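Each protein sequence line maps, in turn, to chains Y, S and E. Quick note: the first sequence, position 129, residue 128 per numbering that gives the first Met the number 0, numbers continuous. Quick note: the second sequence, position 32, residue 31 per numbering that gives the first Met the number 0, numbers continuous. Quick note: the third sequence, position 25, residue 24 per numbering that gives the first Met the number 0, numbers continuous.
Computed spacing ranges between beta-carbons, pair by pair:
hint, chain 1, residue 1, chain 2, residue 2, range
1, S, D51, E, I83, 14 to 20 Å
2, E, T140, Y, L16, 46 to 52 Å
3, S, L45, E, T20, 17 to 23 Å
If you're looking for bench data, these hints aren't it; they were derived computationally from the structure. Every value quoted in this text rests on a predicted model; they were computed, and no experiment measured them. Note that the Cβ used here is the ideal one computed from N, Cα and C, for glycine as well.
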Amino acid sequence: MNKMKHIRCALWLLMVLCLVLPEELYAAETQRDLKIQDVFTRYGKKKNVTMVELSKEMLETYGMTLYKSIVIKNDPEALRFTRQCLKADQNGARKIKEITDDGGVVSAYYQMPGKEKDINRFVLFKVNAKQVITLVYIEGELDSDDLITLLFTRKDF
Amino acid sequence: MKMEFETFKITVLPLREKLVSISRRIVEDGVDAEDIVQESLLKLWLMRGELDRYSSVEAFATQMVKNLSIDHLRARHPEGPPLESLSLDSGGRSPDELLEEKDAVACVRVLISQLPSLQQAIIRMKDIEGYELQEIADITGTQIEAVRVNLSRARKKIREQFLQLNRQ
Amino acid sequence: MKMKTDDIDKLIERYFEGETTADEERQLRVFFASESVPDRLSSYKPLFAYFDEEIQKVHPQRLQANEVKHTTKLWQTKKRWLYIVSGAAAAVLLLLAVNRVWFPTDPCYCSDNYVVINGRCYTDIHTVRAMAAEALHEVATPVDEYFPKADVNDRERHVVDDQLKDLGSMFNDNETNE
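One chain only, chain Y, in its complex shape (with noise of 0.2 Å):
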């Protein structure tokens, strides 16, 4: 009589706790594959890091669903970091390019196949000579032949 009231009553609280949840673990799903992802996490919110995250709407011209940047200035334990995350997704990837010197990878791309059809995956790597990082990871629909076009012309977004 009355329990099929309360049942409801919770199944609504549910329903709208399931509402809330999904963007946590959501936010989390597309990064999770690679350990490139975990830069952004560990290094994010750090003092000399700047970091970059940019929305679909702003993204659509260029073909791409997300765009992830961040720079890390002084840090070595992050340049280690860095590289052994490299390391591990290289195996996942389609396309490498690397230049490498004494202390280990200094410049990378990557590109791997996304978790959709027709969604690539980008990573790029640079350190300079003054130690800054740069990690640039990108998602989306366009080629790497987009992305040189892209990078060539300078666009700001």
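We have chain Y already, so just place chains S and E on it with the hints.
For chains S and E alone, kept in the frame of chain Y given last:
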């Protein structure tokens, strides 16, 4: 209580007439049948929380009334046996024995158990569960005066019997 | 609450007539459980003591002195369900909050576009874009060290040429090594 009573009113109380006729067929007495159904309604009310466990409340209520009616036939005592003979509940001792042992509370328990079952049910509802007369009348589908009279009789009976034992 | 003897006698009389309310009956129980029962009324003690006992069995949380009416007991009403579910919801939300604090996926939840500089979140769109472009540009230009030092003008030209070359080969579909 109000909300739940509304549900009870819709699901159980409409069965009243039918239940009385079922009982009457078994006990062959209109007054007894009325009492049996009132007792059943009180019992059903007290277990209202579990009623949705049963696929048919009507079937369950009918069965309850039938069982109580048959019990009534078997017992068939108009007022209760002599005080000394019955020894229920408290370890097989009679009321006067219990009183001698100074277990007066147990004695009261036995005395109550010797009352007609409807009166027992009303006492349970009033003195233990704490319902008011009007609430009991609503649940049983009777008049408040009828409940009061039954309650009064029951309480006076207990007093009478207890005082009688006490004087012995 | 002291009971006057007249009051008590009246109450008892009404009790046996079945006229007392639940509250009045509670008063009787309290009275007969107390020490101040006169001898002439002592035979009523077991009766009300019996009810006390039974009430304890049925509603164990009910206290003698200050009984709560059965209609107002929190945990016995249908509101119990609401409290349980609300409690569960609150617990889940708390977990989510904790999750965000300890396992942050994004440090900034304020907007779709954001830049975090030194741990602080900025959503000004121009800043965001500028930072994004800067990073992208940085990652696109090849490493400094691989350019030999030459005089400025030449160097500039070299830089541009080499950049283009490197870049091109870097992102080319054809697997041509530099």
